[in-house]
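A.B. asks: Sequence:
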Amino acid sequence: MKQLAAKLCDKLDARPIVSAIKLNYLTRICHATNWDVWVLDWQSKAANSCHLPCPWEAYANASAIGENLALNLRAKNYSYIHFIAHSAGANLIDFATIGLKFWVQKENRPALQIHETFLDAYDPGLDSSRYGKQADWADSYVDTRDVGLLSGVTGFDGTKLFLQNAYNIDVTPNPATDDYSYECRHSRPYRFYGQSVDSSFSDATAASCDPINGTGGMGYPLSLENGHSLSLLNNLYPTGAKCIMDKGICYAGSLPASTWTFFPGAVASSVVEATTGAVNYVAGAGSTLFNSLQLGANSPTPNSTAVIPTGLAATPTESPSSITVQVKTTQLVNTMRFNWSFAASGEGFLRVFVDGILMRELDQRHVSSASLATEQIYVGGDTGTLAPATHSIVFRLDGFGTNTSGVQLAGVELGLTTSPVGRRRAARH
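Under this note's numbering, the first residue of the sequence shown is numbered 248, with each subsequent residue one higher.
None of these hints come from the bench; they were simulated from the model. Honestly, I wouldn't trust all of these hints.
[Claimed, not checked] In silico SDA-like cross-links for lysine to any residue, where the CA-CA straight-line distance does not exceed 20 Å: (1) Lys348 to Glu622; (2) Lys269 to Asp283; (3) Lys489 to Asn460; (4) Lys258 to Asn271; (5) Lys494 to Gly464; (6) Lys380 to Thr508; (7) Lys380 to Leu619; (8) Lys254 to Ile331; (9) Lys380 to Val351; (10) Lys249 to Asp445; (11) Lys249 to Thr508.
Taking the hints into account, I'd like the entire structure generated from these sequences.
C.D. replies: If you want it as structure tokens, here you go:
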């Protein structure tokens, strides 16, 4: 993404500000009269402990980073933001967009238009992805060939996405040979967009990758930076539609109907193993682990005029409240659902772990005080599902403010998000 950002600076005739990008920092690399170009280097959270790309771990880490990105950009008071992300970075910009739109509404801030561009986006939720839903317009560039070491073994590949909330450009080569490496296949949408900015664009893998024969007016030309308003782009390139690139021309296509549905999981038993701090719960039945689960303060209630603190504590100021439950499943599961609300005066930080792996973080300082829609957490990992077995699930709340924190979860449920007819490889049609 650094190279793409540099090409964008050249395209905007922007003045360079820094030559080096600092790891884990948001860095403004150039400035023009009406534009700033920023790069967020989050590669330390986009790789696993072996320092290899791991889309599931990157996807899980992206939510909290996206919320922090929104916090940083909120202070800039931009009227327009164009997010561009590759692979699991799609989840990062999705959460950043949600955060920024939330503050516009709650703080009565000036209108903010957001354009999201997804480059071979990764979402384990597959065709049920919400990517693009909160943006004013979104475009998505997809290569439908297999990506990842596990895709050939498990059939699970979270990058073959045609988004219902974006205009989709299928850049899969025709014929769609798999002779090239998966890194090459996964990078094709990124290389395609780069060439739409500058036809000389290439990256380290380009020499051994399949060539791109023209971008057909797609990519960078579809942006406010290039002089097109988002309202015009919405009219010309509506969300939920697609075109298919072939020899430099993008031919109109259609999206298959999305049939992805949540099915309640088969839970044989759920046993509370341990609790710490203030914990109250009402056990559920069947796929519902808890009808209600309360951590921390006794009366967490949503506050419709939530205040987002400007100074954030770095370490917890309260002892944690947590619950560990052993859940025995008898069928495959990959999704956890619940609604949540934080204590109005607290600064709570909720984390959810499954089998010791962090699945979701909710930081009250960065989000609304209550869920605007049912929270849906993917828990299937890189293989797509959790096998029938006994799984350890932990909910933990830490507090960072001077007031007592609390959170209440309602309808905590496990299930399987899938298609009744099974997942098929995306076809060019």
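A.B. asks: Against this structure, judge whether each hint is valid.
C.D. replies: Structure-based check of all given hints:
With a C-alpha separation of about 17 Å, the suggested pair Lys348 and Glu622 falls inside the 20 Å cut-off, and the hint holds. Restraint check for Lys269 and Asp283: the C-alpha separation of about 17 Å stays at or below 20 Å, so the hint holds. Between Lys489 and Asn460 the CA atoms are separated by roughly 19 Å; this keeps the pair inside 20 Å, and the hint holds. Our distance criterion of 20 Å between C-alpha atoms is broken by Lys258 and Asn271, whose separation comes to about 26 Å.
Annotation: proposed proximity of Lys494 to Gly464 holds, straight-line Cα distance about 12 Å (limit 20 Å). Our distance criterion of 20 Å between C-alpha atoms is met by Lys380 and Thr508, whose separation comes to about 18 Å. Of the supplied pair hints, the one linking Lys380 and Leu619 holds, its CA atoms being roughly 13 Å apart against a limit of 20 Å. Our distance criterion of 20 Å between C-alpha atoms is met by Lys254 and Ile331, whose separation comes to about 13 Å.
Between Lys380 and Val351, the direct Cα distance comes to roughly 16 Å. Compliance with the 20 Å bound is thereby established for this hinted pair. Distance check on the hinted pair: Lys249 and Asp445 sit about 14 Å apart at the alpha-carbon level, within 20 Å; holds. Proximity of Lys249 to Thr508 is assessed by CA-CA distance (about 37 Å); at most 20 Å being required, the pair is judged violated.
Taken one by one, the earlier hints fail for this structure at numbers 4, 11, listed in ascending order.
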